[in-house]
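Protein chains: 4
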Amino acid sequence: MTSNTAETKQAGSGTVRLAANQYGKAENHVVRVYRDSARHSIRDLNVTSQLRGDFELAHTEGDNEHVVATDTQKNTVFAKAKENGIESPEQFLLGLADHFTSNFDWVTGGRWAAEEYGWSRINDHDHSFYKSAPEIRTAVVMRNGDRDIVISGFYDLTVLKTTASGFVGYPKDKYTTLPETEDRILATDIATRWRYNTTDIDYDATYKRVKEIILETFTDHYSYALQHTLYQMAEKVIASVPEIDEIKFSCPNKHHFLYDLERFDIDNPNEVFHAADRPYGLIEATVARADVELDERDWIGIAGFC
Amino acid sequence: MTSNTAETKQAGSGTVRLAANQYGKAENHVVRVYRDSARHSIRDLNVTSQLRGDFELAHTEGDNEHVVATDTQKNTVFAKAKENGIESPEQFLLGLADHFTSNFDWVTGGRWAAEEYGWSRINDHDHSFYKSAPEIRTAVVMRNGDRDIVISGFYDLTVLKTTASGFVGYPKDKYTTLPETEDRILATDIATRWRYNTTDIDYDATYKRVKEIILETFTDHYSYALQHTLYQMAEKVIASVPEIDEIKFSCPNKHHFLYDLERFDIDNPNEVFHAADRPYGLIEATVARADVELDERDWIGIAGFC
Amino acid sequence: MTSNTAETKQAGSGTVRLAANQYGKAENHVVRVYRDSARHSIRDLNVTSQLRGDFELAHTEGDNEHVVATDTQKNTVFAKAKENGIESPEQFLLGLADHFTSNFDWVTGGRWAAEEYGWSRINDHDHSFYKSAPEIRTAVVMRNGDRDIVISGFYDLTVLKTTASGFVGYPKDKYTTLPETEDRILATDIATRWRYNTTDIDYDATYKRVKEIILETFTDHYSYALQHTLYQMAEKVIASVPEIDEIKFSCPNKHHFLYDLERFDIDNPNEVFHAADRPYGLIEATVARADVELDERDWIGIAGFC
Amino acid sequence: MTSNTAETKQAGSGTVRLAANQYGKAENHVVRVYRDSARHSIRDLNVTSQLRGDFELAHTEGDNEHVVATDTQKNTVFAKAKENGIESPEQFLLGLADHFTSNFDWVTGGRWAAEEYGWSRINDHDHSFYKSAPEIRTAVVMRNGDRDIVISGFYDLTVLKTTASGFVGYPKDKYTTLPETEDRILATDIATRWRYNTTDIDYDATYKRVKEIILETFTDHYSYALQHTLYQMAEKVIASVPEIDEIKFSCPNKHHFLYDLERFDIDNPNEVFHAADRPYGLIEATVARADVELDERDWIGIAGFC
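Protein chains in written order, with our numbering: chain A, 1 to 306; chain B, 1 to 306; chain C, 1 to 306; chain D, 1 to 306.
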């Protein structure tokens with residue numbers, strides 16, 4: 001979290017000072033129905049609003065003069081779903097950022113986040129839907145004074161390939177027992193977030209395109225390791241989408257262990273696997289456009305990794 | 001659970017007796033790859049095996065002479081995934097039942113259950129898949145001596161209609177505050193299980209058909225209450241599939257409350273809703289073929305409802 | 001679920017009939033504060049209310065004349081928390097049963113359930129508490145006409161012993177690879193439910209006593225298998241508490257596998273274990289007072305097992 | 001994540017470059033038994049090991065020459081549980097950091113994390129335990145070259161006070177509907193992490209002391225807002241423990257809404273509450289020793305907040 005004016009004050013005791021802080025209402029689950037014609041449509045978002053700015057006295061003195069109530073933030077989220085509509089999660093969050101920073105002098109920024117759940121029509125019906133998206137879409141807007149950071153992403157897109165994956169050539173020490181293999185199952189839950197370098201973008205179309213690139217890349221090469229595959233996904237996203245400067249992945253290596261059936265005189269040529277839960281590999285990487293300098297603080301608070 | 005011979009014995013103390021019991025290995029997560037051609041396919045099952053029979057002495061005396069180790073049951077599940085293959089979850093579980101009851105005299109029955117997770121090809125790729133099914137498929141086989149009960153189902157199929165649903169005409173007492181409405185969102189997570197009257201059936205094709213009937217029925221009528229909708233689903237399933245004698249539903253009424261925006265002078269004509277978590281309505285019903293007598297004990301232990 | 005009058009009617013189509021059914025409001029999370037003196041106390045319950053009776057027309061015709069709204073049931077739960085108080089979960093549920101069956105002619109029974117979360121005072125403070133109970137207490141009341149069944153229990157009480165447990169003497173077949181052991185870790189999450197033969201009982205005191213017996217029994221013997229241990233727990237509960245006729249356990253065998261450190265020339269004399277998640281053993285048993293006849297239908301719908 | 005030498009290289013394409021990255025094995029669940037006397041004791045840790053350093057070629061070329069297998073990291077965790085023992089989670093993680101950075105030249109740092117689950121003896125038994133801790137203890141060690149950062153904490157310590165809490169004096173706008181109150185329930189799940197300025201410390205004793213300070217502070221004042229209470233907790237921890245320079249809290253305001261019973265002519269003087277799930281307030285703050293300069297990058301990747 002970036003510094004704000006509140007941090008420059010000193011608490012009464014002189015021993016401590018308030019540093020980064022934010023507060024708000026989390027997980028406002030708003031469903032917006034568009035019913036202008038007989039063919040309805042919906043957006044289904046879980047929205048968190050958190051404000052940053054001068055909240056020193058609330059902490060040090062219990063003086064709430066600056067504390068825009070989290071209940072007020074909740075009401076605002078639902079009101080804006082009607083007033084502004086939900087064109088995309090990112091656009092909706094930017095509208096919340098505008099509202100709070102323009103209406104309260106001491107609110108100099110904040111963090112607004114959303115998850116979106118994807119629905120499809122049942123048999124192309126006008127007003128009946130089922131929850132269909134395998135992944136959960138995410139969006140985060142962080143505003144600090146004049147600067148906006150918009151990060152989009154998704155998680156829980158589980159993918160698996162039954163071959164064209166191996167793991168060889170790694171160092172061996174006294175604790176190494178893993179045998180090399182040139183044919184294994186590779187499976188992961190893709191969690192990714194990318195940072196835009198502009199807000200002049202069609203967020204929904206770009207989201208769709210990034211997801212397609214990532215899925216297509218998963219299929220198109222022999223994987224020497226999950227690192228190798230994630231890097232290629234990242235490279236193709238940045239090469240294809242000029243509005244993205246940086247992308248992160250945090251992906252488990254979901255081990256599928258070949259079950260040892262030889263003990264029972266049964267051959268098992270990569271056919272029967274035990275899908276294990278824990279422990280799992282965990283591969284995390286950030287890939288950036290080559291000529292862009294990163295400010296790692298930008299990412300604080302928006303990811304469970306890196 | 002039905003009685004077994006073990007129950008007729010008396011524990012040493014004379015105070016108590018062992019009644020229904022079963023044991024085994026739960027949640028064996030087996031992934032079966034078919035790779036006979038370049039176009040691979042997979043079945044992804046989470047299998048639980050539990051045996052019933054004469055296990056009296058294990059309980060009362062700590063004598064494990066009859067206790068087929070749960071570790072052995074696990075090995076068997078994985079071995080049978082190769083030996084028998086997985087044509088359908090139901091067929092696979094019937095094979096496990098045959099194995100255990102034919103190999104151990106004192107195993108007179110048991111309960112075998114599976115969840116199946118559905119995958120689709122990524123861009124029709126030969127060996128790359130993503131986890132796509134919105135619902136989790138379930139199957140249970142219960143064997144008691146010569147009798148098999150096969151129950152199929154699914155859960156977590158979330159559906160929502162934005163109109164054509166209301167709730168009126170209910171009794172009012174001093175604790176009633178709910179206003180009547182003729183236009184609301186209806187949403188639920190469908191959980192259902194049905195019982196077959198035969199094992200001579202194409203389980204995969206029938207599963208697909210039942211799911212289609214249920215989804216289609218969700219769209220095809222004005223719903224006076226979730227009870228009304230579930231009953232119609234049940235009726236159509238039984239009318240259309242002669243091999244099904246009985247079907248159960250256990251479905252939450254996932255409330256979508258119209259957000260009160262009038263307080264802010266904003267009109268909200270069924271457009272902005274708060275999707276609440278708890279509490280929720282919970283509607284559970286069994287519907288049976290009219291001329292079939294039910295034995296409610298058949299269902300013990302296979303459902304979280306009724 | 002036991003039969004009710006509704007089940008004897010026939011649906012219009014003649015093809016199907018409504019069998020067992022129940023509906024209501026699930027997971028009403030009520031916190032009741034007692035503040036008659038400066039020393040406050042709390043009860044923290046998650047309550048589900050479901051009604052049974054004549055609800056045929058709601059299902060078959062969409063006629064809600066009999067449907068006591070689930071919203072009304074919710075209001076009633078919270079109102080009764082004030083009107084009746086919460087002396088114990090069981091007493092509270094019995095009060096709900098009385099209310100609904102006495103106020104609506106067509107409500108002939110139902111199922112009322114609660115979970116209770118246990119809190120302790122922070123440093124014996126008058127009004128500050130922390131959530132302290134390792135287990136979740138459960139209570140279920142099922143009423144069918146004149147008959148009440150009261151079932152109490154708990155789950156998620158995780159216990160572990162580092163020795164005095166083994167597993168030997170089990171049958172070996174071609175799929176058996178487990179080595180016998182006379183010293184292993186035994187660990188489980190205890191889930192249990194017991195049925196009272198009376199409602200004239202101090203539910204809180206009895207709950208405390210049953211839990212103590214179960215914990216004490218876990219420690220007091222060499223365990224030949226989890227079955228052996230559960231049976232002894234059951235036997236002692238029934239021998240010690242005349243008001244209990246029947247008790248069930250559904251307990252995972254939470255495997256702690258000795259980690260193979262010999263591969264690294266490190267001795268591991270039962271010191272370093274891998275606590276595995278899945279698969280796990282699953283041991284389920286019902287133990288009854290010797291001279292009591294069981295009606296297995298009584299248990300339908302109150303347990304995830306047997 | 002801090003920069004490493006790998007980041008200065010350029011990927012082959014010239015379009016992108018690898019920035020921060022780490023990988024390893026997550027959630028190795030190790031149970032360490034001490035059984036040197038008849039009175040056994042246990043430590044129960046869930047350990048994640050992730051390495052940082054020069055892993056460029058694995059990403060860009062699929063060359064695994066530097067990739068210490070995650071399976072090897074797993075084996076090492078279990079081996080070190082025997083070789084080094086588990087004196088405290090922090091000491092154990094520092095030992096892992098030493099191992100990996102001293103054995104592999106290109107491993108210049110990493111992130112090692114653990115959760116610890118607390119057990120108590122059943123009736124003071126020598127070798128029987130139950131899982132008793134209401135909170136989950138956490139520890140993180142981040143090493144970057146010569147610099148170590150050690151962060152300890154816990155989460156899921158749920159606390160509640162039935163009075164001595166209010167919320168007044170906040171700004172009102174057109175979306176504000178919350179009434180002021182001087183007497184409400186205050187409840188939260190405490191999640192906190194603190195940073196030590198030394199590794200010369202008794203981690204277990206300090207953990208115990210910090211937890212006690214936090215709990216005691218929760219009880220000792222009238223709370224004007226959760227911000228006010230968290231700040232006081234932080235202030236007292238830093239004032240009391242000179243080895244701590246910085247502490248963070250991320251705490252939900254778990255709303256307990258007074259249930260409106262007036263509609264039923266029932267008085268409800270702060271006695272019956274609905275414990276709501278979502279949305280919830282979310283209050284996050286960092287408090288630092290007054291004269292210590294913070295490097296916010298130190299926290300990247302170790303917390304879900306700020």
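Worth flagging that the hints you see were computed from the coordinates, not collected in a lab. Mixed in with the good hints there might be a few duds.
[Unchecked claim] Here are the computed lysine-lysine pairs in the DSBU-like style, where the Cα-Cα straight-line distance is at most 30 Å:
#, chain 1, residue 1, chain 2, residue 2
1, D, K211, C, K211
2, C, K131, D, K208
3, C, K208, D, K172
4, A, K82, D, K82
5, C, K236, C, K211
6, C, K236, D, K131
7, C, K211, D, K131
8, C, K208, D, K254
9, B, K82, A, K211
10, D, K82, A, K254
11, D, K254, D, K174
12, A, K174, A, K82
13, A, K208, B, K254
14, C, K254, B, K131
15, C, K236, B, K82
16, C, K131, B, K254
17, C, K131, D, K82
18, A, K208, B, K131
19, C, K82, C, K131
20, C, K82, A, K254
21, C, K131, C, K208
22, A, K211, A, K254
23, A, K254, A, K208
24, B, K208, A, K254
25, C, K254, D, K172
26, B, K254, A, K82
27, B, K131, A, K211
28, D, K254, C, K131
29, B, K211, A, K131
30, D, K82, C, K82
31, B, K82, C, K174
32, D, K208, D, K82
33, A, K174, D, K211
34, D, K211, D, K254
35, B, K131, A, K131
36, A, K208, B, K82
37, C, K82, C, K174
38, A, K82, D, K174
Only a predicted model underlies this, so the values are computations on that prediction, with no experimental measurement involved.
Hints, verified against the model:
Between the alpha carbons of K211 of chain D and K211 of chain C the distance comes to roughly 28 Å, so the proposed pair stays at or under 30 Å and holds. For the given pair, K131 of chain C sits about 17 Å from K208 of chain D by alpha-carbon distance, which is consistent with the 30 Å threshold. For the suggested pair K208 of chain C and K172 of chain D, the alpha carbons sit about 49 Å apart, so the restraint of at most 30 Å is broken. Among the hinted pairs, K82 of chain A with K82 of chain D is inconsistent with the structure: their alpha-carbon atoms are about 60 Å apart, more than 30 Å.
Between K236 of chain C and K211 of chain C the alpha-carbon distance is near 11 Å, which keeps this suggested pair within the 30 Å criterion. Taking the CA atoms of K236 of chain C and K131 of chain D, the gap is near 23 Å; set against the 30 Å cutoff, the hint holds. Between the alpha carbons of K211 of chain C and K131 of chain D the distance comes to roughly 14 Å, so the proposed pair stays at or under 30 Å and holds. For the hint linking K208 of chain C to K254 of chain D, the alpha-carbon distance of about 29 Å falls within 30 Å, and the restraint holds.
In summary, the hint linking K82 of chain B to K211 of chain A is not supported, as the alpha carbons are separated by about 35 Å, beyond the 30 Å threshold. The hinted pair formed by K82 of chain D and K254 of chain A meets the criterion: a straight-line CA distance of about 27 Å does not exceed 30 Å. For the suggested pair K254 of chain D and K174 of chain D, the alpha carbons sit about 25 Å apart, so the restraint of at most 30 Å is met. At most 30 Å may separate the alpha-carbon atoms for a hinted pair to count; K174 of chain A and K82 of chain A exceed this at roughly 63 Å.
Using a Cα cut-off of 30 Å, the hinted pair K208 of chain A and K254 of chain B holds, with the two alpha carbons roughly 29 Å apart. Taking the CA atoms of K254 of chain C and K131 of chain B, the gap is about 28 Å. The hint holds against a cut of 30 Å. About 45 Å separates the Cα atoms of K236 of chain C and K82 of chain B, which puts this hinted pair outside 30 Å; it is violated. Taken as a hint, the K131 of chain C and K254 of chain B pair is honoured in the structure, with Cα atoms around 28 Å apart against an allowance of 30 Å.
Simply put, K131 of chain C and K82 of chain D have alpha-carbon atoms about 34 Å apart, too far for the 30 Å limit, and the pair is violated. Distance check on the hinted pair: K208 of chain A and K131 of chain B sit about 17 Å apart at the alpha-carbon level, within 30 Å; holds. Taking the CA atoms of K82 of chain C and K131 of chain C, the gap is near 22 Å; set against the 30 Å cutoff, the hint holds. Among the hinted pairs, K82 of chain C with K254 of chain A is inconsistent with the structure: their alpha-carbon atoms are about 50 Å apart, more than 30 Å.
As the CA atoms of K131 of chain C and K208 of chain C are separated by approximately 17 Å, the hinted pair is consistent with the 30 Å bound. Annotation: proposed proximity of K211 of chain A to K254 of chain A holds, straight-line Cα distance about 20 Å (limit 30 Å). Annotation: proposed proximity of K254 of chain A to K208 of chain A holds, straight-line Cα distance about 25 Å (limit 30 Å). Pair hint K208 of chain B plus K254 of chain A holds up; C-alpha atoms about 29 Å apart against a cutoff of 30 Å.
Taken as a hint, the K254 of chain C and K172 of chain D pair is broken in the structure, with Cα atoms around 54 Å apart against an allowance of 30 Å. Simply put, K254 of chain B and K82 of chain A have alpha-carbon atoms about 22 Å apart, close enough for the 30 Å limit, and the pair holds. Under the criterion of a C-alpha separation no larger than 30 Å, the hint pairing K131 of chain B with K211 of chain A is consistent with the structure, at around 14 Å. Straight-line distance between C-alpha atoms of K254 of chain D and K131 of chain C comes to about 13 Å, which keeps the hinted pair within the 30 Å bound.
As the CA atoms of K211 of chain B and K131 of chain A are separated by approximately 14 Å, the hinted pair is consistent with the 30 Å bound. For a cut-off of 30 Å, the pair hint linking K82 of chain D to K82 of chain C is broken: about 56 Å separates their Cα positions. Annotation: proposed proximity of K82 of chain B to K174 of chain C holds, straight-line Cα distance about 15 Å (limit 30 Å). With a C-alpha separation of about 25 Å, the suggested pairing of K208 of chain D with K82 of chain D holds against the 30 Å cut-off.
Of the supplied pair hints, the one linking K174 of chain A and K211 of chain D is violated, its CA atoms being roughly 40 Å apart against a limit of 30 Å. Under the criterion of a C-alpha separation no larger than 30 Å, the hint pairing K211 of chain D with K254 of chain D is consistent with the structure, at around 20 Å. Between the alpha carbons of K131 of chain B and K131 of chain A the distance comes to roughly 14 Å, so the proposed pair stays at or under 30 Å and holds. Proposed proximity of K208 of chain A and K82 of chain B is contradicted: the alpha carbons are some 39 Å apart, above 30 Å.
Distance hint between K82 of chain C and K174 of chain C is unfulfilled; the C-alpha atoms sit about 63 Å from each other, more than 30 Å. The hinted pair formed by K82 of chain A and K174 of chain D meets the criterion: a straight-line CA distance of about 15 Å does not exceed 30 Å.
This entry does not satisfy hints 3, 4, 9, 12, 15, 17, 20, 25, 30, 33, 36, 37, going by the numbered hints stated previously.
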